[in-house]
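**Q** Here is how the chains run, residue by residue.
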Amino acid sequence: MIEAPEKTTAAKIVEPTIFDLSSPGRTGVTMPASDVPETALPPKDLLRSDLPLPELAEVDVVRHYMHLSSFNYSVDSGYYPLGSCTMKYNPKINEDTCRLPGFLFTHPLQPIETVQGNLALMFQLQEWLKEIAGFAAVTLQPAAGAHGEFTGVLIMRAYHKSRGDTKRTKMLIPDAAHGTNPASVGMMGMTVVTIPSDDRGNVDLKELEKACDDTVVGMMLTNPNTLGLFDEHIDKVIELVHGCGGLMYGDGANLNALLGIVRPGDLGFDVMHFNLHKTFSVPHGGGGPGVGPVGVAAHLADFLPEPLVGIFEEAEDDVPPLYGFVKPAKTIGRMKAFNGHFGGGFVRSFTYIAMHGPDGLKDISQYAVLNANYLQARLRSTYKVPYDRICMHEFVAEGQFEGSDVRALDIAKRLMDYNFHPPTNYFPLIVHEALMIEPTETENKDTLDSFVDALIKIAEEAKTQPELLHNAPSTTRFGRMDEVKAARELVLCCWLPDNYDVNA
Amino acid sequence: MTYIPISPKERDAMLETVGVKSLDDLFDAIPVKHRFPKLNLPPALTEMEAMDELSGLAQTNENVRNDLVSFLGAGMYNHYIPSVVDHMLRRGEFYTAYTPYQPEISQGTLQAIFEYQSLMSALTGMDVSNASHYDGATATAEAVNLAYAQFRGKRKKVVMSPGLHPQYREVVRTYTQGMGVDTAGDDEAGIGLSPEAFADQVDDNTCLVIVQYPDFFGRVYDYTKFIDAVHAKGSLVCVVANPTALAMFKTPGSMGADIVVGDGQPLGIPMWYGGPSVGFFTTRKNMVHKMAGRLVGETVDNRGQRAYVLTLTAREQHIKRERATSNICTNQGLIALGTAVYLSVLGKKGFRQVAELCYQKAHYTATQLSKVKGYKLSHNEPFFHEFTLQCPEPVTEINAHLLEHGIIGGYDLGQDYPSLANHMLIAVTEMNSKEEIDAFVEVMSEVSHD
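Chains as they are written, first to last, in the numbering used here: chain A, 1 to 504; chain B, 1 to 450.
Derived from the structure by calculation, the hints contain no laboratory data.
Be aware that one or more of the hints could be misleading.
Residues from chain A that face chain B, not an exhaustive set, calculated with beta carbons under 7 Å [claimed, not checked]:
#, residue
1, Pro24
2, Thr39
3, Val75
4, Gly78
5, Pro108
6, Ile112
7, Pro422
8, Ala487
Pairs of lysine to any residue residues, derived as SDA-like cross-links and limited to a Cα-Cα distance of at most 20 Å, are as follows [said to hold, decoys possible]:
#, chain 1, residue 1, chain 2, residue 2
9, A, Lys92, B, Lys434
10, B, Lys434, A, Met31
11, B, Lys349, A, Leu47
12, B, Lys285, A, Val484
13, B, Lys285, A, Val491
14, B, Lys434, B, Gly406
The beta-carbon is built from N, C-alpha and C at its ideal position, and this holds for glycine as well.
Working from the sequences, and respecting the hints, build out all of it.
**A** This is the structure we're talking about:
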């Protein structure tokens, strides 16, 4: 079937675009006729002359998207050990609870008396997240992790400003941090001071001490960090930052390691974002929507974005409390329109937490950590683990071998031939040819063993048949991409075919 | 142990491989005094119990399909969602995949986003669209980031129309704290100004002017001359558009807009008490390098097959870190997919029908209400599916009365615009039958007789 490409021939089309599939005059879902007396349309010069959308029948649309779906690898179809992304199984009940009509069809500006179920759920979720991470207050509003970070940094800035402490402009960020950390700070006009890691993967205390002065806004720390390691001197790190008047920001991307294990608020973190789409099973959706609530210690509670859900009237006897929206006294403002990612986010996470309880949550983290350590133990003799100690929910290995030109990218692509999604590669930046592996708690031992076997086999192939890796993947529906062509030609959208009859 | 597929025997074998005796032994790096806190949470529910609890919460709400009739819009709209949309969104291959960093095994997501980008460009009349933002408000704030970067930070003023959604203006103000950007223009005195007169607010320090289409009060303006006037002063123009209106009204692209953003919720996404929805972001090709967010481009694979990849990633946070245009990482992939399915299945004809139904029903409602003593339409400009009504009583009182009759009235404009106390913003969509509209008018007239 697949012929060798020639330079002059057009690319072979595997699935036409929705525009390619369009046929003039074909219709899909149609709407009822109007039941009101007709009003004249506005003047023609206010109207558009054409609407160049595709024309298809419903079956055409379904087949098209079914074909596309079959080109995707997903958690439902296989093992997805993508480090830092917590690609755990997403329970199916969440898909049903979040689509209950009472949630789907409520308007965000409805009178509060008519949406007490929504508000009770939000209030309860705020309370649960406070308890799980040890904070005094939580906002559910931020739409994703990076949005939560931005929220957190705005809160830190507002806190210092409210104290008249205006010379603080430096944010301390470890070299292993996610790229969103410095980017969030960059949006605020602050400067980033990078703190190196020591040889055990902890924050380098000497370097940190040198950087701590009265111009420090705070420190943004992911703990466990992106090497999957819990900082062995976390108390000292926080003491140093607090000692110079800075605030401690926790990147909650790796919270899946800490449920019922330790509460970041107890350790002294002042502010932290959660990633409900990682830790609390909101599915990743091919890149979103996420949900990034932010928790803060008591001294920052007044700065949270508005609105929060509060109790307007306390419960009495058999009458439940009346919930409503409240505005924190010194709020940084509003981070997005309306009330946050309620349906697709809060309802799913609420369902998930309710079904786990305190013991179930601890199980999640214990097994996430067990699975990671099991993989690390079985792989360390084949792949170098540069920071080799008991890890948390993930670990980072090097995807390179002495005397071989095989790189982490080749190993990642070759894993696809064994029907696994590759780990995150080339991150964190402090490990050469990084392979960042996060198994999550929802994988069984058989899957983990097959994954290890594949990686060991690939390491052998790297020595004996490196071209297998350089050319991988070969068994997938699509091969490696010409990314240079994409960036050079910048074809970013398609249209109806040239000879399309728009008036049919 | 609900979703953990490891037996006690397997656990013990794994612990032995790791070289520790118990699960607790894996956590020696955690400070002892804070290790293993007792969480004060309710005990775990089974699936059956959880479904019962969630159903109970959902039923405590009164929703606008089964319990109430709604004339509330103000940025989120009750539209019919064809069944096929959710059937596609429920495909595990779509909703349990991650961001398509590995294009060989993510072509489903990538092609779907490419098509979404194409549909948004076609709808707005612009050259390029990104893969989406969180919502319309944050997309608007990202337009400020783009404009600020376009002038390399040398123009520091953003002019917002008072006819821009109040919450969108709040979000722009939140985002620009610390950027050294001033916001101006959106005081109430400007509500009655024509767009051309509003252009006087623009000076040579202005990087961006933001207007809404139709504006928050429902008015539809042809912004062509206004955009020309703003361009003459060197500033960029962002139009925040309602996507359903774009099925019939001329495109902001054809009026000369530089950036067109908006909220995609009306395109087949449930209101879901406010989210998640999706923010679309479109612009001209010459600004694509400064646009935030993910971008999918066409290419070929090494087998000569047409394929798609994330492109221009060098703009993004994971490469540029603190020098990135924006910190955006997650987009609204699944919701964007929903809007694409919606537009595909309605197509040119069905989507235009939706818009015309909204137009007809809103105009019928406005005509009927304007006949009731004490009520008056506030504006003479053309409108689409939302309009402003001057009322004889405070809107809160009218809405309380409507609610007694199972109707959610319009948005109380007085809460954002003190000069518009007793003004209601009413939205009517294809979901409102003539019978419902007549009942609404009837109950409204009872208030004016009181």
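**Q** Hints first: check each against the structure and report whether it holds.
**A** Going through the hints against the structure:
1. Pro24: 9 Å, violated
2. Thr39: 4 Å, holds
3. Val75: With a closest approach of 4 Å, the A/Val75 hint holds.
4. Gly78: The hint is violated - A/Gly78 has no Cβ within 7 Å of chain B, the shortest such distance being about 9 Å.
5. Pro108: 3 Å, holds
6. Ile112: 11 Å, violated
7. Pro422: With a minimum Cβ separation of about 6 Å from chain B (threshold 7 Å), the hint on A/Pro422 holds.
8. Ala487: Check passed: Cβ of A/Ala487 comes within 5 Å of chain B, closer than 7 Å.
9. A/Lys92 / B/Lys434: 39 Å, violated
10. B/Lys434 / A/Met31: 15 Å, holds
11. B/Lys349 / A/Leu47: Holds, at about 15 Å.
12. B/Lys285 / A/Val484: 18 Å, holds
13. B/Lys285 / A/Val491: Holds. B/Lys285 to A/Val491 sits at ~10 Å (cutoff 20 Å).
14. B/Lys434 / B/Gly406: 16 Å, holds
This entry does not satisfy hints 1, 4, 6, 9, going by the numbered hints stated previously.
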